[in-house]
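Going down the list, the protein sequences come from chains A and B. Count along the first sequence starting at 1, add 68, and that's the number in the working numbering. Count along the second sequence starting at 1, add 68, and that's the number in the working numbering.
Treat the hints loosely; a few may be bogus.
Derived Cβ-Cβ restraints for the label pairs, each shown as a range [to be verified]:
1. Arg221(B) - Thr83(A): 51 to 57 Å
2. Pro226(B) - Lys327(A): 54 to 60 Å
3. Lys227(B) - Ile558(A): 28 to 34 Å
4. Trp407(B) - Lys327(A): 52 to 58 Å
5. Pro226(B) - Lys312(A): 28 to 34 Å
6. Glu296(B) - Pro425(A): 20 to 26 Å
7. His399(B) - Glu403(A): 38 to 44 Å
Cut-off 25 Å, straight-line C-alpha distance, at most; resulting in silico cross-link-like pairs (BS3-like, lysine-lysine) [as the list claims (entries may be wrong)]:
8. Lys518(A) - Lys460(B)
9. Lys518(B) - Lys428(A)
10. Lys557(B) - Lys327(B)
11. Lys327(B) - Lys248(A)
12. Lys248(A) - Lys428(B)
13. Lys406(B) - Lys329(B)
14. Lys227(A) - Lys329(A)
15. Lys248(A) - Lys400(B)
16. Lys227(B) - Lys557(B)
17. Lys463(B) - Lys518(B)
18. Lys429(A) - Lys248(B)
19. Lys518(B) - Lys536(B)
20. Lys406(A) - Lys429(B)
21. Lys518(B) - Lys312(A)
22. Lys400(B) - Lys312(B)
23. Lys518(A) - Lys327(A)
24. Lys429(B) - Lys327(B)
25. Lys248(A) - Lys429(A)
26. Lys429(A) - Lys518(A)
27. Lys557(A) - Lys329(A)
28. Lys406(A) - Lys429(A)
29. Lys329(A) - Lys400(A)
No wet-lab data here; the hints were simulated from the structure. Glycine included, every Cβ here is placed at the ideal spot set by N, Cα and C.
There are 2 protein chains.
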Amino acid sequence: MQNSKKLCSLAVILTERDNVAVAAADLPAGTQIFEELFLREAIPQAQKFSLQEIRKGEPVIRYGVTIGYATQDICAGVQVTQFMLRVPPTPSLESLRYAVNVRPTEELPLPPVTTWEGYPNREGPAGTRNLLGIITSVQCVAGVVRRVEERIRRDLLPKYPGVDDVCVITHSYGCGVAIKAREAYIPIRAIRNIIRHPNFGGEFILIGLGCEKLTFDMLLEPEEITSENCLYLQDCEGHEAAEKAIMELAEQKLRILNKRKRQTLPLSQLLIGMQCGGSDSLSGVSANPAAGYASDLLVRGGATVLFSEVTEVRDGVQFLAERCVSEEVGHKLAEQMKWYDDYLEAGGVDRDANPTPGNKKGGLANIAEKAMGSIAKSGTAPIIDVLEPAEKPEKRGLIYAATPASDIVCGPSQAASGIGLQVFMTGRGTPYGLNVCPVIKICSRNEMKKRWFDMIDISAGDILTGKKTIEEVGTEIFREILEVASGRKIPYSDQYGYHNDMCFFNPAPIT
Amino acid sequence: MQNSKKLCSLAVILTERDNVAVAAADLPAGTQIFEELFLREAIPQAQKFSLQEIRKGEPVIRYGVTIGYATQDICAGVQVTQFMLRVPPTPSLESLRYAVNVRPTEELPLPPVTTWEGYPNREGPAGTRNLLGIITSVQCVAGVVRRVEERIRRDLLPKYPGVDDVCVITHSYGCGVAIKAREAYIPIRAIRNIIRHPNFGGEFILIGLGCEKLTFDMLLEPEEITSENCLYLQDCEGHEAAEKAIMELAEQKLRILNKRKRQTLPLSQLLIGMQCGGSDSLSGVSANPAAGYASDLLVRGGATVLFSEVTEVRDGVQFLAERCVSEEVGHKLAEQMKWYDDYLEAGGVDRDANPTPGNKKGGLANIAEKAMGSIAKSGTAPIIDVLEPAEKPEKRGLIYAATPASDIVCGPSQAASGIGLQVFMTGRGTPYGLNVCPVIKICSRNEMKKRWFDMIDISAGDILTGKKTIEEVGTEIFREILEVASGRKIPYSDQYGYHNDMCFFNPAPIT
C-alpha cells in the first residue's frame, strides 16, 4: 500500500481509489489541484479535502480503505473534517485471513551498513548504553532512591568513566495493588523484564521496602536474590544507613560495569522499538513510512524491530493479519486485539477513545484513519511473532508487541521488552524521552522541525515537498539509528535529560 | 471501643470479649500471662496468641469483634496465625444503621492550643507552606518541567526567601487515556483540585503539551486560562524557549507568592489528613488510637480531619455508619463502599487483596483485623460528611474521604482534597512523603523508632510499655501537627526531600 503513493507538491493522494487528499502545505482557496479541481476553500496543512463529490452515506477513502462514511453530501474541493465522517465498524476478528501476504525477507531492501558498536551481553540483544540500573520494587522507596541517584551521579560516576549513567526505574506498582488479580501478571512481568534490560549488562540493584506485596521472589530467580543485588530499606538502620547501603551496592556494580566495552556487532544483536505519538495526518505519509523503510532495512540485516499500540492498529488489523508468517502468529495477534476490545468495553469506551484533540487538529478524523497511518511504521517485512505487553522477544525480525497506544505506557512496555533504542514519530511534537534507552524523534513536517529545531532529531518533511523519497529518508533514519545505538550521537531528549516516568500498564485493580 | 483497652506490659487485650491478645514485646515460651495462662510457645512482638481454647469454627475475637473463624481447634497460649483463621464475610451494606452512635462534638476533649500560624487563603483552608505550584496536565511534559524545577530552585528561589519551595506535580494522566470513560472524572477531579491546593496560595502554573486529551478548559475556569497561568509547550519555539518561558512565568508567580505571610489563625482554617501504611497488629493499639485522639482534639478545636482507605474500613463500616451524623451521610458512605466492592469484583478480587506480607509479618491475620486497627485513627468524633476520591470538603469536622488504601494513591488523593499536612501511622516503617504538604510519621512500636531514629517523627510505643497513655501520645501528636503546620518544625521526609509520585487514582481504561 505505501508503495503506491502518488505525491505532488500540493497534496498527498495515496492510492487511485482515494476520494480525499491531504494538503502537504497550507493551500489557499482557489488552488488548482487537477485540471478540473480547484479548492473551494482554504485547506490548512495536514487537513483533508475531497477530490470528487461524495454523497451522504458513501465511503470516504484514504490509503485505499474506507476511513468513514459521509454524514452529509460533500462537494469536490472542500475540507473534510471529522464531523463529516461516521467511524466505520471495527474490523471483525473472526474473518481475518492470516499469512496470505507474507513478503519474503530476501525481498526487503539491503541495508547499507551491517554492523554497529554495542555492548554485548551473555544472552539476548546487546546494549546501546552502559548503565547502572537501579530498579525499585515498590513506589514507597522512590524518594530515597532518587536522592541516592543524585549522589551516585555526583560522587561515584566520575570515577567510572566507562559507565554512561545511572538509570533509576521507579513506578507506581508494587504495593497497594491486588497482587493476585487476574491481570496482575502484566505489570509484574514489566518489572521483571526491565530488571534484565540489555543496557544494564546483566547487573542490577533492586530496592524494596520490605513489607510490600511485590516481593523479590516474584521478580528474581532464587540465585539472583543476593546481598549484592537486593536491598530492603526496612533492613537498614535509618535514613543515612539506607543511603549508604545503596551507595555501596552501586560502587560494587560500577566496578563491574566499568569493564564493559563496545564491540563491533552484527545487526542481529540490535533490538529497537517503533512508536508514534502526537500524530497528524501527514505522519502516515512521511515519518511513519520512512521509519517503516528503516525497519525493513534493519530486519533484512537481521535486527529485531518491535511495533505496538493496540488501538492504533485495531482498524488496520486485517493488513497485519495477512503479513503474519503463520496462522499461529495470526491467532496471537487476534487474541491481543480481543483482550483490548474487552478491556475498553469494560470501561465503557471503544478504540475510538484513542485520537486526541491534537490528532484531530492535525487532520486525523478518527481512529480508522489514524490506524492506517500508524501501521505504516511497520514497513513491509513479515510479522514473525506477537508479544503480550512487556514480553521479551524470542525470535528475530519484525514483531508486533501489543501495548497500549499511550506514548507514556507503550514506551516503558517496549523498554521492558528490552529495546536498546526507540524511534518515535510525531506530527505535533513532544519532548518525550526514556532514561533506559535513547529515543530518536522524527517529525512528519519540516515546519515542525523548524519550530522545534532543538528537540526533533530528523524531519521526514522533505518527502512532502518532493525533495526526498521515502527510501532516502528511511535510509537516513536507519543510519541515525546506528549512530545513536553505537553511542556516536546523543539524541536531543538525552542531551537535556528529558525523561518520562515508567508508567507500566496495570489493568488490575488497586486496593 | 478504643476506650475500653486493658493493657499490661506483656500483651494487649482490647475488650472483655476478646479471646486473643497481642504480644507487646517478644515473649518467650512459658511466660505467665494470667494466673492460669502460660504461653506454650514463644510469641514474637505484634503476634496474636489465644487467651483460651478456641474450637474449630468458633469466632476469633479481637477489638470485641469477630476477626475470623478458627479453621482448627486452638488451645490456650499458642500463636494464632493467619492460616488458623477463615476471613469473616464482608459486612452487609443493606443492614447498616446510621447515626445511632453520634458523640456530640462538645464531649470531645478540649485542645490545649487553639491557634496556629498559617498562610491564609481567600477561601478554603489556610496553607501550611508557601509553595510555587507547577502542575502538569500531561505526563509528556514531565521531563521538561522537572528540569526547569531544578533551575528555579537554583536560580530563582534564593531571590524570594518568603517562598518555601517549588512544587512540581507530575502524574501519569492527561493523554493516552479514555478521557470520556465512565470513571475518567476521578483522575480529572484530582488534577483540577490539586491545582487549587491551599499551599499554592491561589496561584499556579499549568503546563501542557498542546495536543493532549486533558485540555486546560477541563481543569480551569475560563477566566483562569491566561498567559500568566498556562503554557502549552507546543506553542514554544524549541527546548530553550520552552524552559525560558516557564522560568519567566515562575518569576512572576514568585513575586506574588513572596508577599504571603504566616498569620495566627484559628484551628478552623486547618485541614489535615490521616493515613496508615505498613501497619502491624500494634498499629491499631498505639499509633492509630493516639492519632485518633489527636483528631478528636483537632475536631473539637474546629479543624477538619480526613480519614480514608476504603478497603481498610470496609470490614468495620458498621461502626462508621453508626457515627455518621445523618442517614444522608450514611448513604454516601455505603455508596462509596459499594462502588469499591464492584470495582474489585470486576478485577476478580475482593477487599482481602489488601493486606501485605508486611502486615502479616506484623501479626495482622486478614483484612477484618486490619480494618479494626485502621479505623481507630478516626477517633470518636461524629462523621459529618463523606467525600468521593479527591473531592474538596465543604464542611468542617471529621470527614471520611473515600480513597484507595494504597499509601501511594491515598496520599495524592487527600492532597487533591487540600490537606495541608498528613499524619502517617506505620508499624513496619516507610520513607513515604509528599511534596505538596508535610507528612508526620508516627510508629506503633519503640523498636521501630529506635531502628529508624532519623525517619520516624514520633513513636507511640510508650502506650505499649505503659509509660504513656493514648491521651498523652495523642496530645503529643496534636502539638507536633501544629508545630509542623506552623512551619516551626520540618518532619524528616521533608528534610531529606523524600517525596513520592502523585499516583492519582484512575479506574478508567487507557488507550
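Right, here's what the structure says about each hint:
For the hinted restraint 51 to 57 Å between Arg221(B) and Thr83(A), the CB-CB distance of approximately 55 Å keeps it satisfied. For Pro226(B) paired with Lys327(A), a C-beta distance near 42 Å fails the hint of 54 to 60 Å. Between Lys227(B) and Ile558(A) the CB atoms are about 33 Å apart, so this pair conforms to the stated range of 28 to 34 Å. A beta carbon spacing of about 55 Å between Trp407(B) and Lys327(A) agrees with the range 52 to 58 Å that was offered as a hint.
The hinted window of 28 to 34 Å between Pro226(B) and Lys312(A) holds, with their beta carbons roughly 30 Å apart. At roughly 23 Å, the beta carbons of Glu296(B) and Pro425(A) sit within the given window of 20 to 26 Å. Judged by the Cβ atoms, the range 38 to 44 Å given for His399(B) and Glu403(A) holds: they are separated by roughly 43 Å. Only pairs whose Cα atoms come within 25 Å are accepted, and Lys518(A) paired with Lys460(B) is rejected, the gap being roughly 44 Å.
Among the hinted pairs, Lys518(B) with Lys428(A) is inconsistent with the structure: their alpha-carbon atoms are about 59 Å apart, more than 25 Å. Restraint check for Lys557(B) and Lys327(B): satisfied, since their Cα atoms lie roughly 21 Å apart, inside the 25 Å limit. Only pairs whose Cα atoms come within 25 Å are accepted, and Lys327(B) paired with Lys248(A) is rejected, the gap being roughly 51 Å. Taking the CA atoms of Lys248(A) and Lys428(B), the gap is near 16 Å; set against the 25 Å cutoff, the hint holds.
Between Lys406(B) and Lys329(B), the direct Cα distance comes to roughly 44 Å. Violation of the 25 Å bound is thereby established for this hinted pair. With a C-alpha separation of about 16 Å, the suggested pair Lys227(A) and Lys329(A) falls inside the 25 Å cut-off, and the hint holds. The hinted pair formed by Lys248(A) and Lys400(B) fails the criterion: a straight-line CA distance of about 29 Å is larger than 25 Å. In summary, the hint linking Lys227(B) to Lys557(B) is supported, as the alpha carbons are separated by about 23 Å, within the 25 Å threshold.
Of the supplied pair hints, the one linking Lys463(B) and Lys518(B) is violated, its CA atoms being roughly 39 Å apart against a limit of 25 Å. Of the pairs offered as hints, the one joining Lys429(A) and Lys248(B) holds, with about 18 Å between alpha carbons and a cut-off of 25 Å not exceeded. Of the pairs offered as hints, the one joining Lys518(B) and Lys536(B) holds, with about 17 Å between alpha carbons and a cut-off of 25 Å not exceeded. A hinted pair counts as satisfied when its Cα atoms are at most 25 Å apart, and Lys406(A) with Lys429(B) does not qualify at roughly 40 Å.
Restraint check: the Cα-Cα separation between Lys518(B) and Lys312(A) comes to about 18 Å, which is no more than 25 Å; the hinted pair holds. The hinted pair formed by Lys400(B) and Lys312(B) fails the criterion: a straight-line CA distance of about 47 Å is larger than 25 Å. Between Lys518(A) and Lys327(A) the CA atoms are separated by roughly 41 Å; this puts the pair beyond 25 Å, and the hint is violated. Between Lys429(B) and Lys327(B) the CA atoms are separated by roughly 50 Å; this puts the pair beyond 25 Å, and the hint is violated.
Of the supplied pair hints, the one linking Lys248(A) and Lys429(A) is violated, its CA atoms being roughly 42 Å apart against a limit of 25 Å. Distance restraint check for Lys429(A) and Lys518(A): the Cα-Cα separation of roughly 19 Å lies within the 25 Å cut-off, and the hinted pair is therefore satisfied. The hinted pair formed by Lys557(A) and Lys329(A) meets the criterion: a straight-line CA distance of about 17 Å does not exceed 25 Å. Under the criterion of a C-alpha separation no larger than 25 Å, the hint pairing Lys406(A) with Lys429(A) is inconsistent with the structure, at around 30 Å.
With a CA separation close to 38 Å, the supplied pair Lys329(A) and Lys400(A) exceeds the 25 Å bound.
Checked against the numbered hints above, the structure breaks hints 2, 8, 9, 11, 13, 15, 17, 20, 22, 23, 24, 25, 28 and 29 and satisfies the rest.
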